[in-house]
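Enquirer: Given the structure of chain A, go ahead and fit chain B onto it with the hints provided.
Going down the list, the sequences are from chains A and B. Take the first sequence: its position 21, counting from 1, is numbered 20 in numbering that gives the first Met the number 0, and each next residue is one higher. Take the second sequence: its position 122, counting from 1, is numbered 121 in numbering that gives the first Met the number 0, and each next residue is one higher.
Nothing false has been slipped in among the hints.
No more than 20 Å apart at the CA atoms, straight line, and that leaves these computed lysine to aspartate or glutamate pairs for DMTMM-like:
id : chain 1 : residue 1 : chain 2 : residue 2
1  : B       : K312      : A       : E9
2  : A       : K3        : B       : E268
3  : A       : K3        : B       : D269
4  : B       : K312      : A       : E30
5  : A       : K3        : B       : D274
6  : B       : K579      : B       : E598
7  : B       : K312      : A       : D13
8  : B       : K312      : A       : D27
Hints are computed from structural coordinates only; laboratory data are not their basis.
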Amino acid sequence: MDAKMIVFGETAIDRLLQWLRASGEPKDLTELLRQYLEILARAVREENE
Amino acid sequence: MTAAPTTGTDQQALAEEIYRLMVGQGAMFALDTPIRQSLANLAEYLARRERRDPAEVAARIDQALSADARFTREVVGDEVRFVTTRQGAYVPRDQVDSHSFKQRLHDPEHPLPIDDISVVVSTSRPAITTVEPVYISDYWQMQVPPPVVEHVAPVEEAPLAEAPAPVEEVVAEPWVAAAEAPAPVEVEEAVVAPVAPAPVAAAPVEDVVVAPVTPAPVTAAPVEEVVVAPVAAPPLEAPPAAPVAPPPPVVVPAPRPAGPPRNTIFTLEDGTAIDLRRPVDELMAEHGDRLARLLADRLEHDPLRRIVSFGRKYYPEASVASLGKNDLRKIRDYILERGEPLLDTELIADLYYHNPRQQDYEGFRFSLNYRLHREKDFEFVGVEGAYLWATRGLPTIGGKRVKAAEMGQITAYLVEGYDDSLELQSIEAIQQSGSVTRMLTFFEWEYGVLPLDAGLAALLPGPLLPEQRSAVLRFESPQHYTTYLVEVRYPAGNRGGWLQGLEEFFHEHLVPGALLTISRTGEPNVFQVSYEEAPEKTERVLTFDEKKNKLAFANLSFYCAVDEDQLPGQSRFGRLNRLKAFPMGERRKSEMILEHVSETIGDQIGTPDAPRYALTLDDLFVAYNVLRPGSRALLQSLLEHSPDFSADEATPGRYIYTPAPSETVEEEEEAEQPGETVEEIQPARRRYGARYDEDE
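The following block holds chain A by itself, in its conformation from the complex (with noise of 0.2 Å):
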């Protein structure tokens, strides 16, 4: 994915979901802001590669 296609809060959310489902318990904010970033990272890493 090209990073300037994100819209911060609305580009993949849904893999946010789906990890946050997996997880089975409610997340604190700053921990969803983690994984969040790392979806986003992973999503842009491998299209580059």
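Expert: What follows is chain B alone, placed relative to chain A:
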């Protein structure tokens, strides 16, 4: 034996007859189902019928059917078979299903470009959004200007002759003469000639290092023949193995032209650039707060509400357990039965028997809090780490002597910039020590109320939810082993905050002027309240008789250390009992209270016709805080900005109050006899001028 020569017509007739025979045999077959018959069977049948030699007949049949397009000849082992179908020539069925419903369902004929698979694949159950159509009147539709189409200047096309020819269209002209050669053409792709047979058999191909090819000027040779000199491969250290056959030429694929690297930086709405190549920890440290706020805001405004929150916790909406009406009624009844706000963990344990060790415990806990938060019958009164729930019908904490609307206005001075509680203790010191020490005023002692100033706000937990208006804390007295529920009312808008519910503790153990210490404990909603103990002492201290609505002095025995200057005792503040116990709604008028207090406790230094009252700021502070809370900063501001007050230049800290002359004012001469209850002063509204009428 050779077959008798047959004419083409005979063969066709024979083939037609056999075709009819075989179609009759497979009359129940599908149109394209193969019908097989062996040559031997056919020959035997026809030979018997025509009484001819089977071999001869077989030869004729073989000849006739082989020439007919409707038959396919198969040889299985030693047997010859002919295959046909009801519809003619046999065509083997194509088992490859290239147009199935399943495929058409998932593979659209014209797929849209997908930049992010997440926008296509969703594992969540989409909520059905109900967007009600809103009719916009024709008038407004007419008023809306047509959308402005940005005019784009037409781009002038450069003449073809001037256009740079694409590289692909460079036609390699055969070399004519060096003098006429065009400028060297840069060859972008390196063309690598087959590597000369070198002993590379034992070395992995990946190890073949291709020297960087220097694009040779094409002037010396036609472009088609641009050949890089044989790569001088470094001597590969292959062991001198047995001579092997010359290996096939190692074709090194031309390096794929690396496209421009994708952008890894995205920009927030405020222009902040976030580079996703950086470690997440760095991004969190630098932009964590801003990104967290932004993410929370986006999730909050997600139209599908896929991820919901309660406090700082987030959970998929689809995973939130639902609570029915029976659940809500059960919870409400239980809270009412217990008579005080209850923790969510208590509700879960007592009503649902869920164990914290259960895997779905945290999810259910979130669901309970999330659902109760959306119910109007329940109010969240918890703090971070202790989620307390109250419901309608619970007894009011702190009684009904103080109404929330009135106290919010009375403590408004705290949000108006007159909060001086941090002069003695800084926020850092409070947070580090985990305790706040403050002096108790008469108003605080009488009503069990503490203004939520900056010092207390630094110690007590803030609201967890944005719209949360109060929290319930538990104050423990380690000196008396008693516990009190205290409600914290948070500031909202131009209204201040306060604590209420300590009336019983104050009246039983303290007097105005006592030093009070509030300390944090290990529990986020539990605090300790303590005071410095002292030998028993009895004083005539100001009290408030609520039945008579009068202030009076009464003997009180207390065992706490007090600041003698702040103790409203009869010996020092004998005129305090003359203060008018205004209704609480009147006490929000800080100027009126100041003038009334000054007239009451000030020393008359003027004449009966032109009264003037002198009083110190310390006395004024004690007396003012009998009727309502107020900081020294508030009093100083009132004194400085009121035209009726002036500072006594001869005595620092002393002020002179000169009431504005008014014809309607009836001076009341009252005997100043300490200990005597005097008639109440009923301040008529006109007494204080029109200013207070405007406040109404």
